[in-house]
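Visitor: Protein chains in written order, with my numbering: chain A, 9 to 254; chain B, 318 to 685.
Watch out, some of these pointers could steer you wrong.
[Stated by the list, open to error] Pairwise CB distance ranges, derived in the manner of DEER restraints:
1. Pro342(B) <-> Ala76(A): 19 to 25 Å
2. Asp631(B) <-> Val229(A): 38 to 44 Å
3. Gly427(B) <-> Ala186(A): 41 to 47 Å
4. Gly427(B) <-> Pro69(A): 43 to 49 Å
5. Asp569(B) <-> Val229(A): 35 to 41 Å
6. Glu194(A) <-> Thr630(B): 56 to 62 Å
7. Arg45(A) <-> Ser683(B): 53 to 59 Å
[As the list claims (entries may be wrong)] Partial list, computed: chain B residues near chain A (C-beta under 8 Å):
8. Ile396
9. Ala458
10. Val521
11. Met528
12. Glu530
13. Ala539
14. Gly540
15. Val547
16. Asn551
17. Pro642
18. Pro646
These aren't lab readings, by the way, just hints derived from the structure by calculation. Glycine included, each C-beta is placed from N, C-alpha and C at the ideal position.
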Amino acid sequence: MGLILLPALALGIVFVASCGSGTTKAEVRFGIVGGERATLHSLQFYVHAIELLDEHGRPHPFRFAVSAPWQNEQVALIDLAGDSTTAQHIAVQGSIGGDGGAYSGIRLTVGVPFELNHANPLAAAAPLDRGEMFWNWQSGHKFLRADLAVAGHEWAFHLGSTGCSSASALRPPAQPCAQPNEMQIELRGDPLRGVVSLRLDTLIAAARAANYVVCTGDYQVDPACKEAYAATGLQPGIPQNLWVLQ
Amino acid sequence: MLLLLLALAATGCARETPYQWHLPPGFPQPRIPDDNALTVEKIELGRHLFYDKRLSANGTQACASCHQQSHAFSEPAAIATGSTGQKHHRNAMALVNVAYDATFTWAHPGITAIEQQLLLPLFGDQPVEMGAAGHEREILARLTDDADYVKLFANAFPRERERVTFDHVAKALASFVRTLISFDSPFDRYAYYGEDAALTESQVRGMNLFMSERLECAHCHAGFNFSQFVTHQNATVAERAFHITGLYPSSDTYISGADYGLFAVTGDAADKDRFKAPTLRNIERSAPYMHDGSLATLNDVLDFYSAGGRVLTDGPRPGDGRAHPGKSPFIKGFTLTAQERQDLLAFLSSLTDEEFLHDPRLADPSAP
Chain A
9 MGLILLPALA LGIVFVASCG SGTTKAEVRF GIVGGERATL HSLQFYVHAI ELLDEHGRPH
69 PFRFAVSAPW QNEQVALIDL AGDSTTAQHI AVQGSIGGDG GAYSGIRLTV GVPFELNHAN
129 PLAAAAPLDR GEMFWNWQSG HKFLRADLAV AGHEWAFHLG STGCSSASAL RPPAQPCAQP
189 NEMQIELRGD PLRGVVSLRL DTLIAAARAA NYVVCTGDYQ VDPACKEAYA ATGLQPGIPQ
249 NLWVLQ
Chain B
318 MLLLLLALAA TGCARETPYQ WHLPPGFPQP RIPDDNALTV EKIELGRHLF YDKRLSANGT
378 QACASCHQQS HAFSEPAAIA TGSTGQKHHR NAMALVNVAY DATFTWAHPG ITAIEQQLLL
438 PLFGDQPVEM GAAGHEREIL ARLTDDADYV KLFANAFPRE RERVTFDHVA KALASFVRTL
498 ISFDSPFDRY AYYGEDAALT ESQVRGMNLF MSERLECAHC HAGFNFSQFV THQNATVAER
558 AFHITGLYPS SDTYISGADY GLFAVTGDAA DKDRFKAPTL RNIERSAPYM HDGSLATLND
618 VLDFYSAGGR VLTDGPRPGD GRAHPGKSPF IKGFTLTAQE RQDLLAFLSS LTDEEFLHDP
678 RLADPSAP
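All chains should be built: construct the whole structure from the sequences, respecting the hints.
Guide: Structural data, given as structure tokens:
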């Protein structure tokens, strides 16, 4: 019996930001959520390690196309808040070996692999060269950056690794951080027929619960982070509430 | 073919020497406009012009009058004064690594090239700075009458028939200003050259505080230029974000004479009091601070941010800036111990680049 090599299909995993049950356009900047005006200043995140699950639940790795400036063979940056002055990027381009049949789910990691996360962004290959997504050598990149205003209140949720040990903020850690905080997401449904949606309503509820005090670190102890961090699924026993496949 | 060779030889006699950047290892180069290639000859012309008072209509003021090298190309005055004595409403910005800036002035998203920006001080009349408007011929005649300038313009723009023009003045000035590059501070030695001993223990502690989520300084004073307004050759997106810091209270009514920053450009009420986060490089030498120079010292600035804004009891805009509804969410106040304050100030002083502040290549060419 010969080995049959199936051609790889060029595919895109599409991401959107959604307000409640209805999905808005990817370029959403002004949305009415829960009767209040929300303005999105920034909504960006890094994605890697995507696998599509076939009808038997078997994982098939999604191979990233190398497409500067948004993605290299390991990591892609998704930007859902681009406007007329800044580009946006709403889909991870890539391919998957297989027959193009139906898929039943998707696994993906929102984050940056440790070995890529703590290098100088000036010298890093795209998409890890975006300064506004970088904290410093010690903490690495913001995996998810959401900056928004709700009913006139500015709020931000920036998620990345914490508990990273090094000589100073400007030196990279040698060992993985105590809390890597990479979000490993598994969603049911056919990711090639649907879109992966980031729930703005969850973020807005978290902003209200935080009384609009920003959450940019100390996720497990800062009261301003309580609801936002719970929604990430990073707390044991609490399922994530940020991502849905629509 | 022979004609072509002759033509090449004819243009080849003029030397247009590409500028060589001296940047830390791995650093991307600044973006240079396609129509203003950076040459040594243009930089030399621009340097002469930058320091020349004959560029102002009444011959009393040069670019360098308000942008002084020893003050990181700013001046130790709260607000600038133009050549006619008219007061500017803003503090002269330090010119440090502006070759990397994505936008110019304290609050203007549309000015994206130095060539554009410098027309404001040259020709602007609200307020008058150099006052060149209406005196263009006179000023160009001063340059044309000077044999040294004729030579400098000829070297800088050898292919042009008409050499002494304001377009060339702007291109040469922009070229010189692009070379005001500061990457040799103790911070740079530590960060970009990996020299652990370049910073003191106090400076390292201050740097860690600066980068901490508790203080949030680095959210707006971010990246290699401590500003969110950078672009460079490899950059995919020019970053820019104008912020409200709580320096003044919000105002629903329009107060004549008040400086509302970005609002003056966009007309969007949400942009009232939004300004650019300027670079912090050489910040110790570029006092006073803020867009109107209203904070005299770095200690005042630390007081201001630790309080999460400022309360004004008198002046044209009294009120509680801390409660400005559009204030950046990262300005939430903090408490510093005496040691922490000392460490932070020590860190800020590590951004001082003495080489830059004393580099003779950036100084007045007529100086002895």
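Visitor: Each of the hints needs a verdict: does it hold here or not?
Guide: Hints versus structure:
Taken as a hint, the range 19 to 25 Å holds for the pair Pro342(B) and Ala76(A), whose Cβ atoms sit roughly 22 Å apart. Checking the proposed 38 to 44 Å range against Asp631(B) and Val229(A) shows it holds: the Cβ atoms sit about 42 Å from each other. Between Gly427(B) and Ala186(A) the beta carbon distance is about 45 Å. The supplied range of 41 to 47 Å therefore holds. Between Gly427(B) and Pro69(A), the C-beta spacing of about 45 Å keeps the proposed range 43 to 49 Å intact.
For the hinted restraint 35 to 41 Å between Asp569(B) and Val229(A), the CB-CB distance of approximately 38 Å keeps it satisfied. As the Cβ distance of Glu194(A) to Thr630(B) is approximately 58 Å, the hint placing it in 56 to 62 Å holds. Separated by about 58 Å at the C-beta atoms, Arg45(A) and Ser683(B) satisfy the suggested range of 53 to 59 Å. Evaluation of the Ile396(B) hint against chain A yields a violated restraint, the C-beta minimum of about 29 Å exceeding 8 Å.
Against a cut-off of 8 Å between C-beta atoms, the interface hint on Ala458(B) is violated, since the closest Cβ of chain A lies about 41 Å away. Contact between Val521(B) and chain A, as hinted, is supported at the beta carbon level, the nearest pair being about 5 Å apart and thus within 8 Å. With its C-beta approaching chain A no nearer than about 4 Å, Met528(B) sits inside the 8 Å limit, and its interface hint holds. Of the supplied interface hints, the one on Glu530(B) holds, with its beta-carbon coming within about 4 Å of a beta-carbon of chain A, less than 8 Å.
Proximity of Ala539(B) to chain A holds as hinted, the smallest CB-CB distance being about 6 Å (cut-off 8 Å). Residue-level restraint check for Gly540(B) holds (minimum Cβ-Cβ distance to chain A is 4 Å; threshold 8 Å). With 8 Å as the threshold, the beta carbon of Val547(B) comes within range of chain A, its nearest partner Cβ sitting at about 7 Å, so the hint holds. Below 8 Å, beta-carbon pairs count as interface contacts, and Asn551(B) has one with chain A at about 6 Å; its hint therefore holds.
Hint on Pro642(B) holds. Least Cβ distance to chain A is approximately 5 Å, under the 8 Å limit. Below 8 Å, beta-carbon pairs count as interface contacts, and Pro646(B) has one with chain A at about 4 Å; its hint therefore holds.
Going down the numbered hints, you'll see the structure goes against 8 and 9, while the others check out.
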